[in-house]
Amino acid sequence: MIDVRPSTHATHPTGTGAGRLLVAVYGVLALAATARGLYQVTTKLDEAPLAYALSLLAGIVYVVATIALARDLRRLAWVTVGFELVGVLVVGTLSLVDVGDFPDETVWSQFGAGYGYVPLVLPFVGLWWLWRTGRTPDAQATSSAATVG
Amino acid sequence: MTVVLSLLVALLCAALAGWALWFVIADRAVILRQLWGGAVVEGALVVQAVVLAVLQATGEQDVDGVLLWGYVVTQLVVLPVAAAWAFAERTRWSSVVLLVAALTVAFLQLRLLQIWGTL
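Just so you know, the sequences run in chain order L and E. Its first residue numbered 1, the first sequence is counted upward by one per residue in this note's numbering. Its first residue numbered 150, the second sequence is counted upward by one per residue in this note's numbering.
For the record, the hints were derived by calculation from the structure and aren't laboratory data. Hints are supplied without guarantee of correctness; some may be wrong.
[Unchecked claim] Restraint ranges, calculated between C-beta atoms of paired labels, are given here:
{"no.": "1", "chain 1": "E", "residue 1": "M150", "chain 2": "L", "residue 2": "L76", "range": "41 to 47 Å"}
{"no.": "2", "chain 1": "E", "residue 1": "R182", "chain 2": "L", "residue 2": "L127", "range": "34 to 40 Å"}
{"no.": "3", "chain 1": "E", "residue 1": "V195", "chain 2": "L", "residue 2": "G116", "range": "27 to 33 Å"}
{"no.": "4", "chain 1": "E", "residue 1": "T267", "chain 2": "L", "residue 2": "T93", "range": "24 to 30 Å"}
{"no.": "5", "chain 1": "L", "residue 1": "R74", "chain 2": "E", "residue 2": "D213", "range": "27 to 33 Å"}
{"no.": "6", "chain 1": "L", "residue 1": "L76", "chain 2": "E", "residue 2": "V196", "range": "36 to 42 Å"}
{"no.": "7", "chain 1": "L", "residue 1": "V86", "chain 2": "E", "residue 2": "M150", "range": "42 to 48 Å"}
Don't be surprised by glycine CBs; every beta carbon is placed ideally from N, CA and C.
Full structure from sequences and hints, please.
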C-alpha cells in the first residue's frame, strides 16, 4: 500500500532555503550585468549598439528574475529565467558564428565564458528549481488544496 | 597602497568565507559574531574607498572613474545584503549566502586592481 497523504500546503516558496543561494547568485549576476550594460550604453554605445543594448537588456532581465525568485512570483520567474536560457543560447551561438556584431562584451557572449559560464548554468538550475518547488506531493490536489487552505 | 589594501580585504574575506564554509558543513545558520566579522570587512572597504578617492583626486593615475566607482559601490552593498538574509533565513543556507558574498567581494578586489592598473 502506498500512503498518499493529502497536501495541505501550497507550493514551496522559491526564495527560501536553498532558493536563497539561487537568488544570491542571480543577484550578483544581475548587479554585474546591469552595471556593465549601463556603463557600456552610457559611455560607448556607438561602438557596438546591438551588443551593448543586449548587454543592458540582459542585466535588466536578470534583475527582474532575481526579484521574481526572491518574492516567489512564479510566472514572472518562469518567463525571465526562460528568457535568459534562450538569450544565452542564441547570443552564445551568434557570438561564435558572427564575431563582428558580437564582440566579447555581453554576459551571454561565448555562452557566458567571461563569467565562468555561470550565465549558461544558472537558467537550467533556475528552471529546475522552479519545477521542483512547484511540485506538491500530489499534484492533482494542488488546485483544490490552494482554494481550501 | 592599493595592492596592500586589496590584499588585506581579500584576506579578511577569505577568513570570513572559511568561517562561513565551516558553518555550511556543520549545518548551522549565520551567527551574530560572523556579522561583526562582515562589519570589519565593510570597514576595510570604506577605508579603501576613501583612499581610492584621495588617490584619484590627487594622483596622475589614468583610471576609468565610472568603472572604478561602479565596483567600489557594488562591493559595499554585497555583505549588507547577505547580513539582512542571515536574519531572514535561519538555516544553513544563510551560511551558504555569506560564503558566496565573501567570495564575491574577494573576487571584486581582483577586478578593482585590474581597473586601477596595478594588475
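Results for each hint:
no., hint, result
1, M150/E / L76/L: 41 to 47 Å, "holds (46 Å)"
2, R182/E / L127/L: 34 to 40 Å, "holds (37 Å)"
3, V195/E / G116/L: 27 to 33 Å, "holds (28 Å)"
4, T267/E / T93/L: 24 to 30 Å, "violated (36 Å)"
5, R74/L / D213/E: 27 to 33 Å, "violated (40 Å)"
6, L76/L / V196/E: 36 to 42 Å, "holds (40 Å)"
7, V86/L / M150/E: 42 to 48 Å, "holds (46 Å)"
The structure shown violates the earlier hints numbered 4 and 5.
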